[in-house]
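Numbering (the numbering used here), first residue to last: 1 to 255.
A few of these clues could be false.
Calculated lysine-lysine pairs in the DSBU-like style (CA-CA distance at most 30 angstroms, straight line) [said to hold, decoys possible]: (1) K173 - K156; (2) K208 - K124; (3) K124 - K217; (4) K127 - K143; (5) K89 - K156; (6) K181 - K156; (7) K25 - K230; (8) K124 - K173; (9) K124 - K156; (10) K173 - K143; (11) K181 - K124; (12) K173 - K217; (13) K25 - K232; (14) K25 - K124; (15) K208 - K181; (16) K232 - K120; (17) K181 - K119; (18) K127 - K208; (19) K232 - K156; (20) K217 - K169; (21) K120 - K173; (22) K232 - K181; (23) K173 - K119; (24) K127 - K217; (25) K169 - K181.
Keep in mind the hints are simulated off the structure, nothing from the lab.
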Amino acid sequence: MDALIYVGNGSRTESGNTQFISFVKEMMSVVDFPLQGYGFLEGTRPSIIEAISTVISQGATSVTIMPILLLTGTYVREDIPNEMMRAKKIYPNIPFYYGQPFGQDDSMIQILNERLEAKKYNNKRFKAVLLVSHGSYDVHSLKQFEEIAQRLRYNKPFDVFTCYMNMSKPSFKDELGNVLKQTYEEIYIIPYLLYSGGFTVEIENITKQYQVNNPDKNIILCEHIGFDEKLKELFQQRVYEAIPIEANNDKSLVE
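Work out the full structure, taking the sequences as your base and the hints as a guide.
Structure (structure tokens):
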């Protein structure tokens with residue numbers, strides 16, 4: 001029997017893990033795998049290895065691992081593949097497959113445009129958009145995020161800036177401050193995040209503070225990416241794109 005394992009990074013908050021599990025349960029009802037489970041990289045259980053062991057004990061004859069992540073960062077390029085290599089050594093006769101994160105798909109640009117439209121955005125000039133990501137030490141993740149911003153910017157009458165909540169620069173606070181010094185009349189902020197809580201609350205608080213300090217500007221906070229309906233469709237596509245792995249080819253697991 002084929003098995004599918006959903007992998008989350010693991011949140012420090014119960015709310016974040018609950019949001020992940022809720023998405024997983026929705027997908028379990030539409031993805032055609034007889035055995036399904038989920039695991040986390042850190043912070044909570046079950047671990048990836050535990051999730052794999054569970055489905056194999058239930059009779060799985062192949063296992064597909066799917067990261068529920070926005071970008072191709074260290075988790076996708078190193079941490080999850082390392083866990084898969086461990087599992088491959090424990091279960092050498094089980095075929096393993098690995099899928100991609102949501103990445104730069106057209107669906108992501110559509111979601112961003114919808115976030116702007118929901119705030120009554122129009123195409124008049126003197127507007128700016130700030131995309132706010134978690135941040136990463138992984139250059140591939142940062143490059144991918146910049147390319148998403150570039151695609152959003154294409155043929156649009158507004159400027160798009162990228163900034164980060166952690167690990168990377170410019171920080172959200174610094175970039176918002178820089179943009180406010182320019183001539184933009186309206187500034188739209190889109191948290192490029194899957195989960196609400198932690199960072200989304202911090203972004204909201206910073207936005208309110210800067211709005212009070214800059215009453216001549218209109219700072220508009222959009223909804224975060226979240227588990228949008230389009231991600232559910234994209235996830236199914238990613239499942240069917242999953243590639244087989246072997247114990248000696250972990251360096252080629254991701255694009």
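| field | Unsatisfied constraints (hint numbers, rising) | value | 5, 14, 22
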